[in-house]
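Chemist: Could you put the whole structure together from the sequences, leaning on the hints where they help?
Listed here are the chains, written in short residue letters.
There are 2 protein chains.
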Amino acid sequence: MVTIHDVAKRANVSAATVSRYINKNGYVGKKSREAIEHAIKELNFVPNNVARTLSTKQSNMIGLIIPDIKNPFFPELARAVEDTAYKYGYTVILCNSDENPKKEQHYFKALTQEYVAGVIITSTHSGNGQEATIPIVALDRAPIMDIPSVTTNNILGTEMAGRYMLECGAKELLFLKGPKQLISSEQRLKGFLKAVEGKNIKVHIVESPYDFKVAEHITFQFLQKHSTIDGIFGSSDVLAIGALKACEKLNRSVPNDIQIIGFDGIQLGNYTTPSLTTVAQNIYKLGETAAELLIQQIEGKSITEKNIVINPELVVRETTRKGFLQ
Amino acid sequence: MVTIHDVAKRANVSAATVSRYINKNGYVGKKSREAIEHAIKELNFVPNNVARTLSTKQSNMIGLIIPDIKNPFFPELARAVEDTAYKYGYTVILCNSDENPKKEQHYFKALTQEYVAGVIITSTHSGNGQEATIPIVALDRAPIMDIPSVTTNNILGTEMAGRYMLECGAKELLFLKGPKQLISSEQRLKGFLKAVEGKNIKVHIVESPYDFKVAEHITFQFLQKHSTIDGIFGSSDVLAIGALKACEKLNRSVPNDIQIIGFDGIQLGNYTTPSLTTVAQNIYKLGETAAELLIQQIEGKSITEKNIVINPELVVRETTRKGFLQ
Chain A
1 MVTIHDVAKR
11 ANVSAATVSR
21 YINKNGYVGK
31 KSREAIEHAI
41 KELNFVPNNV
51 ARTLSTKQSN
61 MIGLIIPDIK
71 NPFFPELARA
81 VEDTAYKYGY
91 TVILCNSDEN
101 PKKEQHYFKA
111 LTQEYVAGVI
121 ITSTHSGNGQ
131 EATIPIVALD
141 RAPIMDIPSV
151 TTNNILGTEM
161 AGRYMLECGA
171 KELLFLKGPK
181 QLISSEQRLK
191 GFLKAVEGKN
201 IKVHIVESPY
211 DFKVAEHITF
221 QFLQKHSTID
231 GIFGSSDVLA
241 IGALKACEKL
251 NRSVPNDIQI
261 IGFDGIQLGN
271 YTTPSLTTVA
281 QNIYKLGETA
291 AELLIQQIEG
301 KSITEKNIVI
311 NPELVVRETT
321 RKGFLQ
Chain B
1 MVTIHDVAKR
11 ANVSAATVSR
21 YINKNGYVGK
31 KSREAIEHAI
41 KELNFVPNNV
51 ARTLSTKQSN
61 MIGLIIPDIK
71 NPFFPELARA
81 VEDTAYKYGY
91 TVILCNSDEN
101 PKKEQHYFKA
111 LTQEYVAGVI
121 ITSTHSGNGQ
131 EATIPIVALD
141 RAPIMDIPSV
151 TTNNILGTEM
161 AGRYMLECGA
171 KELLFLKGPK
181 QLISSEQRLK
191 GFLKAVEGKN
201 IKVHIVESPY
211 DFKVAEHITF
221 QFLQKHSTID
231 GIFGSSDVLA
241 IGALKACEKL
251 NRSVPNDIQI
261 IGFDGIQLGN
271 YTTPSLTTVA
281 QNIYKLGETA
291 AELLIQQIEG
301 KSITEKNIVI
311 NPELVVRETT
321 RKGFLQ
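Chains as they are written, first to last, in the UniProt record's numbering: chain A, 1 to 326; chain B, 1 to 326.
By construction, these hints were calculated from the structure, which means they are not laboratory data. Here the structure is a predicted model, which means the values were calculated and not measured. Certain hints may be false.
[As the list claims (entries may be wrong)] Calculated lysine-lysine pairs in the DSS-like style (CA-CA distance at most 27 Å, straight line):
| hint | chain 1 | residue 1 | chain 2 | residue 2 |
| --- | --- | --- | --- | --- |
| 1 | B | 322 | A | 213 |
| 2 | A | 87 | B | 102 |
| 3 | B | 70 | A | 285 |
| 4 | A | 70 | B | 30 |
[As the list claims (entries may be wrong)] So these bits of chain B aren't anywhere near chain A, every CB distance computed over 10 Å:
| hint | residue |
| --- | --- |
| 5 | 19 |
| 6 | 169 |
| 7 | 288 |
In this text, a Cβ means the ideal position worked out from N, Cα and C, and glycines have one as well.
Modeler: Here it is in structure tokens:
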């Protein structure tokens, strides 16, 4: 193991000078700097981050706990977190909780043990993070408790979807609701009902996990029993795309017989046929903002806004007939 | 900061006993064990992994360097690595290199500084990892150098695709080749040509980055100039799905006018219309095997097979007309 003393010896300077150079906390003359750089290269010296972590009790690592990187919403989110972390000199530890509170707790504890500088969590339940002694940011799903968070305005989003569905002329809807333990599922239902309440439209509410195949199966079964359905809202694009597949299998033409609107704005929605009309979250901005909010806390900067809400946008593609908005 | 001494004092045992309990390296009586557990809970004591890392020069973290988690091939791969790591008590640091050798090197160095136990890398170039002093596994893309690797049998895969394309009756093909700096791109071309060489079939080879939109654009342009194309092979599903979108925009019916085969077996291929015929890699097994191979090295176990090659499988869906294999 090459130490700072080996570098000092080779560069013919004091260990204190090498330390100043590495930690960038003091003047090092040009000649010494060059000699140190040369010695570091020659000896293949790697400054010891772990030792630094131990003395400062803080590493340059950020934990990211999400339900499942395979759900197409999360890769873009994770990417934004990682890009932002990289920009500020942090690395990201990825943890998949599978919407399992126990696994979530396990990771939370494991991350704390590694002295991560902070944790970003898309939590299944609202309790986690309560006892955190390190900075934490809730992402995508706002917990009840009082921690910094970055979320999408779900109510506004589904209100737009509901209004657009009405404008496109749908009369009987299947509302595919997300898992009930998620606050976002309830918010999305609330916004949608707000838009269609009192209007001449019938809404059937059916819950589905965020899984293509299950959503396809549920929709297939439901449409077989309810042949008058002419509109489907999926609380996530995964649900909407599962529903689209079910329509295809039942030879129900989209958007002629049945119109579909999703929620999320994942890349995949561009590549279905017909392409998916959806309430697009600004996924990249969500991840970026969460990472910035976390790093601000880690670096002791003051936070002007603790609970940041980002507005989504209706992206009209081919699974809806043209409404008044177009 | 609660220390081992605080726990010892509260539990009324010696610090050595607490240390034996935490590190599981010696006998601790039932009464002492219960007292220690009680004290740990009461004091909210967290054993210090970082200090342990410093003394053993090895953490329980694994670095995973991939090109881009947004490319739909990688979330499943990353998930498999993380699942396996979790099973063996490791956590995963995720790094996106953007196929940029400099960023790759930066991460490689950063991970070494954190004393990760090992690194799994899907490298853009064959040079990285050469000077690694920690265990390393090359994943998906086999480097030239002599490090452990887990890859798909690309040549076998595209040979199957080429033969099936012939059996389905295609006469003039567009072969969308992956980026030229990747060994896998060359292997996939080689296998395909092996199958169609000397047969009554014309092949145009065009390179495309692994990007939906670019592949769509390239295919759109190419098909406008070459109206006799009746088959497209995409060296990745992303390329094949981009090509499918181009056919749709040009009103070329798939599979009646043009047949398409992809490579990878990503989930998305199920959700295009028509669904994508593809050479499916066993993505989960690739990631799982790579993590196991790395952990075997980390834990000093002997490795029976250093370069593991996993066979892909042809998955026939709707973008091809039925061939003899069906």
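Chemist: If any of the earlier hints don't hold here, list their numbers in rising order.
Modeler: Structure breaks hint 4 only.
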